[in-house]
Amino acid sequence: MATTTAVDLTSQTKPKKLLLQVAHDWLTTVDHKKIGIMYIVYALVFLVIAGFMAMLIRIQLAVPNNHFLSPQVFNRLFTMHGTTMVFFVGMPILFGFGNYLIPLMIGARDMAFPRLNAFSFWISAFGGILLYYSYVGGSGLYGAGSAPDVSWWAYAPLTEKVFSPGHSTDYWTFSILLSGIGTTGTAINIVATILSMRCKGMTMTRLPLLPWIYLVTSFLVFVAVSPLTAAQIMITIDRYLGAHFFDTQAGGSAILWFHFFWIFGHPEVYILVMPAFGFMNEIIPVFSRKAIFGYPAMVAATVSIGFISLSVWAHHMFIDGLGAGGNIFFTAATMVISVPTGIKIFNWLATMWGGKIQFKTPMLFATGFLFQFLGAGLTGIVLSSAPMDWQLNNTYFVVAHFHYVLVGAILFALFAAFYYWYPKMTGRMLSERLGKWHFWLFVIGFHLTFDLMHVPGILGMPRRIYTYEAGRGWDSWNMLVSAGGFIQAIATVIFVVNMVWAFYRGRVAGPDPWDAWTLEWATTSPPPDYNFAVPPSISSRRPLWDLKHPEDVDSHYEY
Amino acid sequence: MVTGLWAMPDFAAHWMTLRTISSLTLAAWRFLPPLASLSPTNMLDPAGTPARSIFNLTWFVGGLVLGIFVVVGGLLTFIVLRYRGRATDDNIEPTQIYGSNQIELSWTVIPILLVFMLFLTTARVILGTERIPKPAGALDVAVIGHQFWWEYRYPSLGVVTANELHVPVSDPAHPTPTYLNTSSADVTHNFSVPRLAGRIDVIPNRVNTIWIDPQAAGLYLGQCAQYCGTQHAKMLLRVYADSPADFSAWIQHQQAPAADPSTLSPQQLEGKSVFEHNACANCHTVKGTSAQGKFGPDLTHMGSRDTLGSGAFANNRQNLHQWIDNPDSLKPGALMPPMHLNEKDLNAVTEYLTTLR
Ligand code: HEM
Ligand SMILES: [Cu+2]
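Top line first, the protein sequences correspond to chains A and B. Residues in the first sequence are numbered consecutively from 0, following numbering that gives the first Met the number 0. Residues in the second sequence are numbered consecutively from 0, following numbering that gives the first Met the number 0.
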């Protein structure tokens, strides 16, 4: 239990494995930890690419009437940015952490289906590569190829052959189709793993909250990704076999696509945000030195968010003429979600209450998450009220709102997770100093960008426009928003530097650097191939607490 | 002032607290700069009933949300400051608390009550906008979205125009709202003029209706707010609210035939023939001539419009000349092809178009 990574790392380089051998090891691996890390690395690469695209978009919009980008290049950029961030950053990075952590946290030696796991990874990765391959197709690299320009929700009939000739839309459809297959495979795997591979003593009521959340999320993935996959197949049939599902010129239905897309698209947001909740559930207690407050309520809230999220998709369609009945129903359903979400926030606050909060970098990011997620939730409430949405839908207010969720909450939770679990994955600690720089710059940049972005939205600035005229009152806001974007980019560079530096020079972590309580900290950092020399057995939700505090074990209090 | 503001929907009558909150916020508002100066598309500067009832709702929703933010955010700040670990702390872990049913029940029930309140006020605004009888004086206009311009048809008046919508000012005493029956000729667009009403998607094979009743004469701006292709950004909206007299004068002008050929100069006549014998006529209509195309905007009275290219640039000779020569140079991605006319024909067509007043 005491062997540290430093030993492992150096012993790995000692016999000087050929690069080719190392590559072969990784490419053929079925080990959940290696697959998890590959998911994370692949997502980080795409994060940098899509972030770079965001910077180009912000340069173009910093001033009115800008000619930096042509309309078509701009339209491709926001399409690729959004598609990449949702499908090739968000989903893979969350599955990466899930892959890595779930077996460790439930005391298992691997996922239920290791080979399905590798297959899912590779097919999703292939989807991402295909999306970017579109840049070299058609008019080639410098003509920016035939990259898709239909936005990340690819509304039909804009995506039908008549309005989108050539292959750009096909690249989009096929890459989403592939990633959808991979995602579904991983979801099946996670459900099977959690249901059947838990160690001795780990009843469902002792399952840590992070795997609990992944369980609910994976069920959501089945239900939500299937309609997306169906829609991709239907649009492909339209485009290649002349069907008319969405071909309005021949009597097809545009609304049908909206429904298909959002029946996927709304739960998708929860698929992305729930794992972030999971990270919070692990990190906040450890750094507050307290047990999570209200475990059963947290589980109940997770399950009910999962269910409700399936019935709110049409709040993305308040402007599509649902009629008063539809608008009222979906307003109610959407507002109701704020109740279980509120329970989560209050339970986190209660966990911190009376604690001794240690503001190490993971906790800093967790605190940022709490503030920003609160803000995101509240602008979400504004938008849930259909009449408010009639004014704000498709404006920069919405862009600000969902970036509050995606960046302010999810990305902050991910950063917290990186600082927290990086030592487990590599055996080395990330630098606290660089971490603090990273945090504060990111917080400043984030608020400069996304707080101010609400204003042009309220002043009527629509999203997805490549330029705007002066005199609409949007100019100075956009300039500041762009400046904030660059501060975030600098912070991200610091983060990447930190990761690379720590990999070689970081302080050696030891098995349990944070004095934490869940099972992943009961093995070496990084863990050996089979995770645990002896399969663990537990008797409470915090097995390592019981070991460390034999005088006051948890099992006496849990309910 | 307050009664007028709350006239529709009238939830103040039912919610005394709302009235208090709203008048307090309204009082605070006086100290801020005038809203109209912020932006011509500012939803907080309503000029018609649907936009105004959303504006009223904004105070309620905004106030509630801000209140929650202050309370919960304040609590979080307090916790962070009060319970931060200190170097002087001993090594003993703080007391472990596992939960409390009473406390958790309270932060389940209170939010449910708040949500219920929010829901009821919202539902009132929805019903007040979508479920009201159509007044006798209402005008119907068909709004048809095209990549990347707008077509407006007044079926009861026999008028067809493009890109600049004229509607009558609506006097609250005798309301003459305009009902916009939107549909699309190609992909999904969105009609949104924030000072008049909320936005509505303009969807092929479907008619979505919204109504507007501008209460002051003037020009109201907006733009397509549903991504619709290359030039989505320059699919601008201009709504002119005219006094009743101005409106009927405008209608009469639009109903009149295009410029009488007998009044045209030889160059203009030549331009007319160039127009009718080139591809122009395949896409554009000029009433009373052989040009009856439907793909592009109706040009019968295009000279009476302030802008070209759906608000993208001013309507003058120079722009017109450049547009016909190479539309892409003014509006990259516009679906009108370059006409490849020689300079003489180009000038003639330009001259002819300026007669279409
Ligand atoms: C010499 C022949 C033509 C002339 C003089 C001409 C003139 C014009 C003018 C003055 C406008 C601006 C109208 C307005 O904004 O109110 C316009 C727009 C337009 N025209 Fe033409 N046109 C010609 C040929 C064509 C052809 C052949 C097509 C169809 C293939 C076409 C399609 C369009 C379209 C789609 C627009 C709207 C563009 C936008 O705002 O995005 N035009 N044309
Ligand atoms: Cu449009």
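Hints are computed from structural coordinates only; laboratory data are not their basis. Hints are not guaranteed to be accurate.
Here are some, though not all, of the chain B residues that point toward chain A, as calculated from beta-carbon distances under 10 Å [what the hints assert, rightly or not]:
#	residue
1	Leu-56
2	Thr-57
3	Pro-110
4	Glu-129
5	Lys-133
6	Leu-220
7	Gly-221
8	Gly-228
9	His-231
10	Ala-232
11	Ser-328
12	Gly-332
Distance ranges between label pairs, derived from CB positions [to be verified]:
#	chain 1	residue 1	chain 2	residue 2	range
13	A	Val-496	B	Ala-215	50 to 60 Å
14	B	Leu-119	A	Pro-527	30 to 40 Å
15	B	Ile-102	A	Trp-439	29 to 39 Å
16	A	Arg-114	B	Ile-102	45 to 55 Å
17	A	Val-161	B	Ala-244	43 to 53 Å
18	A	Ile-443	B	Asp-88	48 to 58 Å
19	B	Val-108	A	Val-21	53 to 63 Å
20	B	Glu-92	A	Phe-67	48 to 58 Å
Built from N, CA and C at the ideal position, the CB exists for glycine as well.
The hints, checked one at a time:
Taken as an interface hint, Leu-56 (chain B) checks out: its beta carbon lies about 6 Å from the nearest beta carbon of chain A, inside 10 Å. Hint status for Thr-57 (chain B): holds, given a least beta-carbon distance of 7 Å to chain A, under 10 Å. A hinted interface residue such as Pro-110 (chain B) counts as satisfied when its beta carbon comes closer than 10 Å to some beta carbon of chain A; here the least separation is about 5 Å, so the hint holds. Hint on Glu-129 (chain B) holds. Least Cβ distance to chain A is approximately 4 Å, under the 10 Å limit.
Annotation: interface hint on Lys-133 (chain B) violated; nearest CB of chain A at approximately 15 Å, more than 10 Å. The restraint placing Leu-220 (chain B) at the interface with chain A holds, with a minimum CB-CB distance near 8 Å, inside the 10 Å limit. The interface hint given for Gly-221 (chain B) holds, since its Cβ lies 7 Å from the closest Cβ of chain A, which is under the 10 Å cut-off. A distance limit of 10 Å between C-beta atoms decides the matter here; for Gly-228 (chain B) the minimum to chain A is near 6 Å, and the interface restraint holds.
The beta carbon of His-231 (chain B) comes within 6 Å of a beta carbon in chain A, closer than 10 Å, and the hint placing it at the interface holds. Restraint check, Ala-232 (chain B) versus chain A: the minimum CB separation of about 4 Å is within 10 Å; hint holds. Checking Ser-328 (chain B) against chain A: minimum C-beta separation of about 12 Å lies over 10 Å; hint violated. Because the beta carbon of Gly-332 (chain B) sits about 5 Å from the nearest beta carbon in chain A, less than 10 Å, this interface hint is met.
At roughly 57 Å, the beta carbons of Val-496 (chain A) and Ala-215 (chain B) sit within the given window of 50 to 60 Å. Against the hinted window of 30 to 40 Å, the Cβ-Cβ separation of Leu-119 (chain B) and Pro-527 (chain A) comes to about 59 Å, which falls outside the hint. Against the hinted window of 29 to 39 Å, the Cβ-Cβ separation of Ile-102 (chain B) and Trp-439 (chain A) comes to about 33 Å, which satisfies the hint. Here the CB-CB span from Arg-114 (chain A) to Ile-102 (chain B) is close to 47 Å, well matched to the stated 45 to 55 Å.
A hinted range of 43 to 53 Å for the beta carbons of Val-161 (chain A) and Ala-244 (chain B) is consistent with their spacing of about 45 Å. The given range of 48 to 58 Å is broken by Ile-443 (chain A) and Asp-88 (chain B), whose C-beta atoms sit roughly 29 Å from each other. Look at Val-108 (chain B) against Val-21 (chain A): about 57 Å separates their beta carbons, and that is inside 53 to 63 Å. Between Glu-92 (chain B) and Phe-67 (chain A), the C-beta spacing of about 56 Å keeps the proposed range 48 to 58 Å intact.
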